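Engineer: These are the residues of each chain, in order.
Protein chains: 2
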Amino acid sequence: MNDNKNSTGGRLAGRTVILTGAAGNIGSYISRSLLRQGARVVMTGRSREKLDAFIDELVAEGYDRAAMVAATGDCADPEVCRQIVATAVEHFGEVDVLINNAGAAGPKRTLRYIPFSNAEKRALDENQTMYESAMNLLAGPWHMVRATVPHMSVGGSIINVSTIFSRTRYFGRIAYTVPKSGLNALSLGLARELGAGEKGIRVNTVFPGPIESERIDKVFAAMDSLQGQTEGTTSSEFRNLMLIKQPDDNGTMEYRYPTPDDVASTVLFLSSDDSRSFSGHGFEVTNGMQVPTRSRSKLVSWPDDRLVDLGGRVVLILCGSDIDEAMVFAERNIHRGATVVMGCRTLDALGYLRARVQELEPVAIQVQHLDPLRPESMERVFQFVSDNYGRLDGVIVLPATPNGQHGYSLSTADDDDVAAFVEAEVVAPVAFASSLTRKLASWKPRRTAPQVTFITNPDDGHGNLLNDIKRAAVEELIRVWRYEERHEDDKGHWGWLNVPNQLVRFDNNEADNLAFAADWTATLNNGVRKMDPIDLWVPKSIRRATGKSSMPLSIQRVLPGLHR
Amino acid sequence: MNDNKNSTGGRLAGRTVILTGAAGNIGSYISRSLLRQGARVVMTGRSREKLDAFIDELVAEGYDRAAMVAATGDCADPEVCRQIVATAVEHFGEVDVLINNAGAAGPKRTLRYIPFSNAEKRALDENQTMYESAMNLLAGPWHMVRATVPHMSVGGSIINVSTIFSRTRYFGRIAYTVPKSGLNALSLGLARELGAGEKGIRVNTVFPGPIESERIDKVFAAMDSLQGQTEGTTSSEFRNLMLIKQPDDNGTMEYRYPTPDDVASTVLFLSSDDSRSFSGHGFEVTNGMQVPTRSRSKLVSWPDDRLVDLGGRVVLILCGSDIDEAMVFAERNIHRGATVVMGCRTLDALGYLRARVQELEPVAIQVQHLDPLRPESMERVFQFVSDNYGRLDGVIVLPATPNGQHGYSLSTADDDDVAAFVEAEVVAPVAFASSLTRKLASWKPRRTAPQVTFITNPDDGHGNLLNDIKRAAVEELIRVWRYEERHEDDKGHWGWLNVPNQLVRFDNNEADNLAFAADWTATLNNGVRKMDPIDLWVPKSIRRATGKSSMPLSIQRVLPGLHR
Numbered sequence: 021m022n023d024n025k026n027s028t029g030g031r032l033a034g035r036t037v038i039l040t041g042a043a044g045n046i047g048s049y050i051s052r053s054l055l056r057q058g059a060r061v062v063m064t065g066r067s068r069e070k071l072d073a074f075i076d077e078l079v080a081e082g083y084d085r086a087a088m089v090a091a092t093g094d095c096a097d098p099e100v101c102r103q104i105v106a107t108a109v110e111h112f113g114e115v116d117v118l119i120n121n122a123g124a125a126g127p128k129r130t131l132r133y134i135p136f137s138n139a140e141k142r143a144l145d146e147n148q149t150m151y152e153s154a155m156n157l158l159a160g161p162w163h164m165v166r167a168t169v170p171h172m173s174v175g176g177s178i179i180n181v182s183t184i185f186s187r188t189r190y191f192g193r194i195a196y197t198v199p200k201s202g203l204n205a206l207s208l209g210l211a212r213e214l215g216a217g218e219k220g221i222r223v224n225t226v227f228p229g230p231i232e233s234e235r236i237d238k239v240f241a242a243m244d245s246l247q248g249q250t251e252g253t254t255s256s257e258f259r260n261l262m263l264i265k266q267p268d269d270n271g272t273m274e275y276r277y278p279t280p281d282d283v284a285s286t287v288l289f290l291s292s293d294d295s296r297s298f299s300g301h302g303f304e305v306t307n308g309m310q311v312p313t314r315s316r317s318k319l320v321s322w323p324d325d326r327l328v329d330l331g332g333r334v335v336l337i338l339c340g341s342d343i344d345e346a347m348v349f350a351e352r353n354i355h356r357g358a359t360v361v362m363g364c365r366t367l368d369a370l371g372y373l374r375a376r377v378q379e380l381e382p383v384a385i386q387v388q389h390l391d392p393l394r395p396e397s398m399e400r401v402f403q404f405v406s407d408n409y410g411r412l413d414g415v416i417v418l419p420a421t422p423n424g425q426h427g428y429s430l431s432t433a434d435d436d437d438v439a440a441f442v443e444a445e446v447v448a449p450v451a452f453a454s455s456l457t458r459k460l461a462s463w464k465p466r467r468t469a470p471q472v473t474f475i476t477n478p479d480d481g482h483g484n485l486l487n488d489i490k491r492a493a494v495e496e497l498i499r500v501w502r503y504e505e506r507h508e509d510d511k512g513h514w515g516w517l518n519v520p521n522q523l524v525r526f527d528n529n530e531a532d533n534l535a536f537a538a539d540w541t542a543t544l545n546n547g548v549r550k551m552d553p554i555d556l557w558v559p560k561s562i563r564r565a566t567g568k569s570s571m572p573l574s575i576q577r578v579l580p581g582l583h584r
Numbered sequence: 021m022n023d024n025k026n027s028t029g030g031r032l033a034g035r036t037v038i039l040t041g042a043a044g045n046i047g048s049y050i051s052r053s054l055l056r057q058g059a060r061v062v063m064t065g066r067s068r069e070k071l072d073a074f075i076d077e078l079v080a081e082g083y084d085r086a087a088m089v090a091a092t093g094d095c096a097d098p099e100v101c102r103q104i105v106a107t108a109v110e111h112f113g114e115v116d117v118l119i120n121n122a123g124a125a126g127p128k129r130t131l132r133y134i135p136f137s138n139a140e141k142r143a144l145d146e147n148q149t150m151y152e153s154a155m156n157l158l159a160g161p162w163h164m165v166r167a168t169v170p171h172m173s174v175g176g177s178i179i180n181v182s183t184i185f186s187r188t189r190y191f192g193r194i195a196y197t198v199p200k201s202g203l204n205a206l207s208l209g210l211a212r213e214l215g216a217g218e219k220g221i222r223v224n225t226v227f228p229g230p231i232e233s234e235r236i237d238k239v240f241a242a243m244d245s246l247q248g249q250t251e252g253t254t255s256s257e258f259r260n261l262m263l264i265k266q267p268d269d270n271g272t273m274e275y276r277y278p279t280p281d282d283v284a285s286t287v288l289f290l291s292s293d294d295s296r297s298f299s300g301h302g303f304e305v306t307n308g309m310q311v312p313t314r315s316r317s318k319l320v321s322w323p324d325d326r327l328v329d330l331g332g333r334v335v336l337i338l339c340g341s342d343i344d345e346a347m348v349f350a351e352r353n354i355h356r357g358a359t360v361v362m363g364c365r366t367l368d369a370l371g372y373l374r375a376r377v378q379e380l381e382p383v384a385i386q387v388q389h390l391d392p393l394r395p396e397s398m399e400r401v402f403q404f405v406s407d408n409y410g411r412l413d414g415v416i417v418l419p420a421t422p423n424g425q426h427g428y429s430l431s432t433a434d435d436d437d438v439a440a441f442v443e444a445e446v447v448a449p450v451a452f453a454s455s456l457t458r459k460l461a462s463w464k465p466r467r468t469a470p471q472v473t474f475i476t477n478p479d480d481g482h483g484n485l486l487n488d489i490k491r492a493a494v495e496e497l498i499r500v501w502r503y504e505e506r507h508e509d510d511k512g513h514w515g516w517l518n519v520p521n522q523l524v525r526f527d528n529n530e531a532d533n534l535a536f537a538a539d540w541t542a543t544l545n546n547g548v549r550k551m552d553p554i555d556l557w558v559p560k561s562i563r564r565a566t567g568k569s570s571m572p573l574s575i576q577r578v579l580p581g582l583h584r
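As given, the protein sequences belong to chains A and B, one line each in that order.
Quick note on numbering: the numbering used here labels position 438 of the first sequence as 458, and the sequence is numbered without any gaps.
Quick note on numbering: the numbering used here labels position 364 of the second sequence as 384, and the sequence is numbered without any gaps.
Bear in mind the hints are in silico, worked out from the structure with no lab data behind them.
Keep in mind that the hints are not guaranteed to be accurate.
For chains that are exact copies, the list does not tell them apart, and a pair is met inside one copy or across any two.
[Unchecked claim] In silico SDA-like pairs for lysine to any residue, Cα to Cα no more than 20 Å straight-line:
no. : residue 1 : residue 2
1   : K560      : S315
2   : K568      : D325
3   : K568      : L327
4   : K560      : R506
5   : K219      : P267
6   : K511      : R189
7   : K550      : S315
8   : K128      : A143
9   : K238      : A440
10  : K550      : R563
11  : K219      : K511
12  : K560      : R314
13  : K560      : Q310
14  : K70       : E81
15  : K550      : D532
16  : K141      : A433
17  : K238      : N147
Please read these numbers as outputs of a predicted model, since none were measured by experiment.
Could you put together the complete structure from these sequences and hints?
Structural biologist: Structure (structure tokens):
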């Protein structure tokens, strides 16, 4: 028995850990590190065979078989997660540490070519659709947390392994980085919710950079090829973000990737009591890659109406289930002269909207059915816009569901809420953006791309934990989308630049919030100002920040009965 | 020999560590933790007696005397720092880890009562002036780094122990938190500079929260008493920022302070190779206190001139040595109707400014000598404003020194540069603000406080490492100042609210930068808009963000010859 490998006095002696993706690239290093420090480890993986082989390998290396339990299955299925936890409890009792490490790479395609249906997935020879990737990378860890928390010990530690690329422009990887970005917000939300609970569970996020391995070279080479650029370009771009040089085998100093051991040592720190005072914290295992946590700015002026003229311009609004709110966005754009097409995701909403609009005749708001998860629906609306106007100047994407629709809690949300939320608020925005950019690419009516603006819900009065997951996912979608567009433009493939934004409304509780956000969409649709920060936050006090009280439109003249 | 305490196989076996403040409250825990893991530790402290007694204590506990070396002296003296490093090298050779842990609490006074001169210090029975506190907390670690780097090993680790309060509103503690905030920026700047060097030295910052000890109870009780509020208020305010509850001795879950052990375990992680992939990173040992890293927003509009009328208003400009730049701020405020008083820090600058202003007759710019480090100078200018106008509406504080004055490097700056920079750009803003708020308190001409706006230098073309230290220090000055003002106002002592801001210019390289910043001072001096984010950043592209090209003033009509 190798004493070093079965440390009864180790830093995790007597601790029970669930580690997902235990036999994977980084997972195998984490497994060894945990076992070396005396932990009992429940190891999960999707392939029983791979997991068993890995455990045999560990036993052959001298690790104690009794400290390991294998549990197989796909964590995207919440029932599987509950079985994994049941296995852990059965073998070892309470769970002290949960490490959400598993996660597939997702389809490596630019926004336009991400597969959403199984048919597209097969045609592209990919392993996952966007939906499957989001379920794997975001819903999976969420399910694991919900299943584990009831069986965790006081002071338990949850470690979510994200990626630094969830905060960068990662070409062709929206299907990976958008759900991971949602995971970052989930992680902080869980830290808020669980730390205050009677178990004082702490939740932290690890952000590995590109990790030294054969795999990362292939990934970056594929990315270079996807971008049609010299091999090594992507790699050196990311190395150039690093702060620390390290010696290579010959002692020459260079920017190098962190190693799987670096990730494992950080996870070990977070698994042990050494880190018991950390929660809601990010640990960047990146050799100091300088990547901002957010791209945001506060909006501190009302739009200058003299500069906003939407006469002759066409604005498409993708409504959520709050039709009244959508009508205010329509109203504020119409008031500046825009022609508005409103798309509803459901037939119910469509019926309600039609009734609302009919009251307003003779104002011409075009109403369409538009389900972002069905490309044919997008196709039809786009054809309508093309046939009738031949142009599209602004697109406003409202949240699918209002506050409270999926509850307010992350850890006690039920299976259906998690899946429905991820589909409606993480997958659907990507699907819509993908369809839109495909259509625009084939359309190219003129050199200016439409301004696309995503809108969040207002304050939910419960800490906005779900709203922030959506905020994070869409922020990353926009970040990569902008980058891919710029790349297409640089290559001359595209001919225009799209600079989408997100208006974040949930930090402000004032009555003016809605009008202010709607006016800003009109300003952005005007196309004169480009806001480089992705997230534009409505300030806590609009009056204070702008020096002006609200600017009510005398919209009644234009749309009698519409103003509320 | 206690094997546990002299671990030859420890995580720091064979490593040489310099630890400042080794016998202090937290330092003593760090010392034990380092020694337990096999490090050789050079322990510093200002009192030889205290240090010797601590070492005796450690030896009595079973730690190896041969692993410890004492080095006494005040790190505010760069010569002392070089001696400490020489001692380390003499005993143990190359240095692997530098832990800047030492730091005194500084005078616990609100802005108005911080002592700047020795006379004030004695009168208030304080141990330090603001200058001494800044030299101790900011220049000291800086000196230690400069002294140590030439003797560090490849991959060496520098750990700067800051405080989470450097990012909070910490009542009555400007003398402590402002230099500490500067230290945070120094730390990141050093990470940038040293990581790229041939030693690949990494630099990280630890942010302890309030640490469980008798001392913190006294500190918070004193803070409550200073604020005239119920004992326990400060403590519960900070506990309420925490995310994780922890069990007390009876198992009851409550928000508790982190312990010195929590800090020591984090410092140990950062001292060991387990953290070799971290640099430029902050580690918050706070039980998850939710404290934003920055208070910032981007400015995305030109001021709306229709809303800016400074007719009859008085603006005071504290000039730095760039008089031409100061003249643009004057011009842009005068154009909107303001009466401007310009104060120069040196007699040289005063002479040049007088000549410039004389060319402009009959425009009435009042020119005064104004050295923020001399209260009598402030007194005289304030009296002048009071006698001649009876009001003060805006105050613009320009940086004392232009880019390059103290070089561009942090690690190779010389002793004089460090001391001069800290005095001119960290101490002087506090001194100016302190004098100003004292004068205003005695003056109270009307309910509205003047808008105070600090300005940074433009881009220095070398990464703005020094500019960012100033930015960080002034940001924290403003944060606590605002908070103290609000408190005075709430108590009815004050009668007005001051909401200072800082315009950060170094992220933008455009020609419009200066005019844009100057116009914003006019907007803020107008007093209608209150910008809650402290730092207002000039956006990378003004044209892009605002949708307008520059707005040149036809100032020639007003001030012939002034426009440049």
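Engineer: A separate judgement is required for each hint: does it hold in the structure or not?
Structural biologist: Results for each hint:
no., hint, verdict
1, K560 / S315, "both (18 Å within a copy, 13 Å between copies)"
2, K568 / D325, "both (13 Å within a copy, 14 Å between copies)"
3, K568 / L327, "both (17 Å within a copy, 10 Å between copies)"
4, K560 / R506, "between (33 Å within a copy, 18 Å between copies)"
5, K219 / P267, "between (44 Å within a copy, 9 Å between copies)"
6, K511 / R189, "within (17 Å within a copy, 49 Å between copies)"
7, K550 / S315, "within (14 Å within a copy, 23 Å between copies)"
8, K128 / A143, "within (14 Å within a copy, 69 Å between copies)"
9, K238 / A440, "neither (34 Å within a copy, 51 Å between copies)"
10, K550 / R563, "between (23 Å within a copy, 9 Å between copies)"
11, K219 / K511, "neither (54 Å within a copy, 39 Å between copies)"
12, K560 / R314, "both (18 Å within a copy, 16 Å between copies)"
13, K560 / Q310, "between (29 Å within a copy, 18 Å between copies)"
14, K70 / E81, "within (17 Å within a copy, 50 Å between copies)"
15, K550 / D532, "between (23 Å within a copy, 17 Å between copies)"
16, K141 / A433, "neither (30 Å within a copy, 58 Å between copies)"
17, K238 / N147, "within (17 Å within a copy, 61 Å between copies)"
Going down the numbered hints, you'll see the structure goes against 9, 11, 16, while the others check out.
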